[in-house]
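Peer 1: Residue numbers (the working numbering), protein chains in the order written: chain D, 75 to 409; chain E, 330 to 593.
If you're looking for bench data, these hints aren't it; they were derived computationally from the structure. Here a beta-carbon is modelled for each residue, glycine too, at the ideal position from N, C-alpha and C. Take the hints with a grain of salt, since some may be wrong.
[As the list claims (entries may be wrong)] Pairwise CB distance ranges (calculated): (1) D:PRO351 to E:ALA445: 31 to 37 Å; (2) D:LEU133 to E:ALA448: 48 to 54 Å; (3) E:LEU442 to D:PRO137: 48 to 54 Å; (4) D:ARG225 to E:PHE347: 40 to 46 Å; (5) D:ALA154 to E:LEU478: 30 to 36 Å; (6) D:PRO335 to E:MET330: 54 to 60 Å; (7) D:LEU133 to E:VAL455: 45 to 51 Å; (8) D:LEU133 to E:ALA445: 25 to 31 Å; (9) D:PRO137 to E:PHE347: 34 to 40 Å; (10) D:VAL182 to E:PRO539: 45 to 51 Å; (11) D:PRO351 to E:SER407: 49 to 55 Å; (12) D:THR259 to E:VAL411: 35 to 41 Å.
[Said to hold, decoys possible] To be clear about the criterion: a stretch of chain D counts as covered by chain E if any three or more of its residues have a C-beta under 8 Å from a C-beta of chain E, and this derived list gives those stretches: (13) 156-164; (14) 187-201; (15) 324-336.
[Claimed, not checked] Partial pick of chain D residues on the chain E-facing surface, computed with a CB cut under 7 Å: (16) PHE105; (17) ASP167; (18) LEU170; (19) THR177; (20) ALA178; (21) ASN180; (22) VAL350.
What follows is the residue order along each chain.
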Amino acid sequence: MADEPLLRVEHLTTVFNLPGGTVPVVDDVSFEIRAGETLGLVGESGSGKSVTALSIMRLVQPPGRVAGGRLLFKGRDLSALDERAMREVRGADIALIFQEPMTALNPVFTIGDQIAETLLVHGRATRAEAAATAVELLDAVRIPDAASRVRDYPHQLSGGMRQRVLIAMALACRPALVIADEPTTALDVTIQAEILDLLRDMKARFHVSLLLITHDLGVIAETVDRVAVMYAGRIVETGPVRPVLRNPNHPYTRGLLASIPGGAPGQRLNAIEGSVPRLGALPSGCAFGPRCPDRFDACTTAPPPDYPTGVDHAAKCYLYNPHSAFRIPHSDASR
Amino acid sequence: MLKTGGAIVLLAAAAALFGPALTPFDPVSQELALRLAAPTLSHPFGLDELGRDILARVLAGARISFLVGVTVVSISASLGTVLGAAAGYFGGLLDDAIGRAIDILLAFPGLLLAIALVAVLGPSLVNVLFALTIIGWVGYARLVRGQVLRVRELEYVQAARAMGARAPHILWRHIIPAAMPAVVVQATLGMGGAIVGEAALSFLGLGVQPPSPSWGTMLNGGRAHLLDAPHLTIFPGLAIAALVLGLNFLGDGLRDATDPRRNT
């Protein structure tokens, strides 16, 4: 990759200071998002996806705090910025779309007001200009009759429409990166497809990169260019979307994909054995070790580093350690 | 309840505003020959121990009661809202400092503290306002702090933060408006409290000084004549009871009207 990535997250660690001790919720996470690319961050609930997003925005609230790592955005380290400079980045350079369209809009202001607010907060427009831009943005996110809907209150809109409004708000200042935290989770399946389509369209039209956080592998398959799979606060596998989904390397990714329903009718669902470890009580070595069908001696020694497994594809798994006697070249993607 | 309370309060406000212009008698002019005279057609509430028309005094006293109620409530509600919002939003040391101040003030019986303050500062209307505000803001601060703790976790507040908004902007635009319904209810109920507080201080001789007609002062004047001229006590007493009852009705009505669970 000749180009400097838009955002490079290096060794990000976010901990929560809880009464029982300090718990790492995001544990030494590194990834990058290239200009114009969509990166999917996938993992189950509690794997640290949302906290990763909030850490990038530097919005982690106590008792959480970012304990280490660098956030290089356009070559600038966000973690070194003071609060004032960081405020100028939020909304203007990096925008965040929340999961719940029902509660992410303030019920007492019109949607036009709320779209305009972003522009006004950043001093990008006068009141009149901002109002006009709000109509344009509503139109761009395919809300019919934008000129009159701009005066609607959130309760007058359906969930899908509100999610469009949130996307319009995120795009208002023409950010370079949009982080969408489970943007379709709260919506009906048919509406989900429309919103994903809209996100793809907006990405091309507004030239933004997208960090899409989801637990839905279907969404990932349709929308993203590259995937990062999170488990227990760590990224266990990264790679281009097709190789990762077709030929998953990490046993956790394989388990996730195998547990998607859709075999023969009546067939039992394949679940991953065991349950997610409690953060703060992670097993030594690989966090997935105790549940892994392929575990062996090395798995309990130390958390595995990234081992390259293909072009732009890596997995944190000792199976791919070139110096390990147990190294298994994985060809059985059909498992 | 909302309508009954509103009607009583409106009536009392109209009486305070226009009443003194409608009665021919001056609240401080004395007609000593008619001291303690019982109610008649020309003096429907009778005359007091110095021969002053009690109706005129009750109407003039309403002005003082409203002045105290409105002033104390608006200052203590504003102060309490700002301090409570800051404590709830920023947390940390600021929250600890404001929280301890609230705890200390709440540890005193409110009126006792007001009496002590006025006793030190000297009896006057301004000092009564000051004392009642000092004990009044605490309730609003505690209420608003709780509301802010609830509202600041809402997603639209997080979204405003993610949008790059500054704390004052978020507080002013997103958080305080959401806390306002509760503050309005508290202010309505608090106004009754302030009016009773002023009456109590004036009754004890620590508030409005004679000959200014305050309901509390009038009650004090009637105390010596409870048996031979009860109208001295009955009418100002009724005025206090009616206005405070009206305010309580109004406050309860507003609370029900702003409660989303009651509005399905």
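Peer 1: Now look at each hint and say whether the structure bears it out.
Peer 2: Going through the hints against the structure:
no., hint, verdict
1, D:PRO351 to E:ALA445: 31 to 37 Å, "violated, 60 Å"
2, D:LEU133 to E:ALA448: 48 to 54 Å, "holds, 51 Å"
3, E:LEU442 to D:PRO137: 48 to 54 Å, "violated, 37 Å"
4, D:ARG225 to E:PHE347: 40 to 46 Å, "holds, 41 Å"
5, D:ALA154 to E:LEU478: 30 to 36 Å, "holds, 31 Å"
6, D:PRO335 to E:MET330: 54 to 60 Å, "holds, 55 Å"
7, D:LEU133 to E:VAL455: 45 to 51 Å, "holds, 47 Å"
8, D:LEU133 to E:ALA445: 25 to 31 Å, "violated, 46 Å"
9, D:PRO137 to E:PHE347: 34 to 40 Å, "violated, 59 Å"
10, D:VAL182 to E:PRO539: 45 to 51 Å, "holds, 49 Å"
11, D:PRO351 to E:SER407: 49 to 55 Å, "holds, 51 Å"
12, D:THR259 to E:VAL411: 35 to 41 Å, "holds, 38 Å"
13, 156-164, "holds (count 4)"
14, 187-201, "holds (count 4)"
15, 324-336, "violated (count 0)"
16, PHE105, "violated, 20 Å"
17, ASP167, "violated, 9 Å"
18, LEU170, "holds, 4 Å"
19, THR177, "holds, 4 Å"
20, ALA178, "holds, 4 Å"
21, ASN180, "holds, 4 Å"
22, VAL350, "violated, 25 Å"
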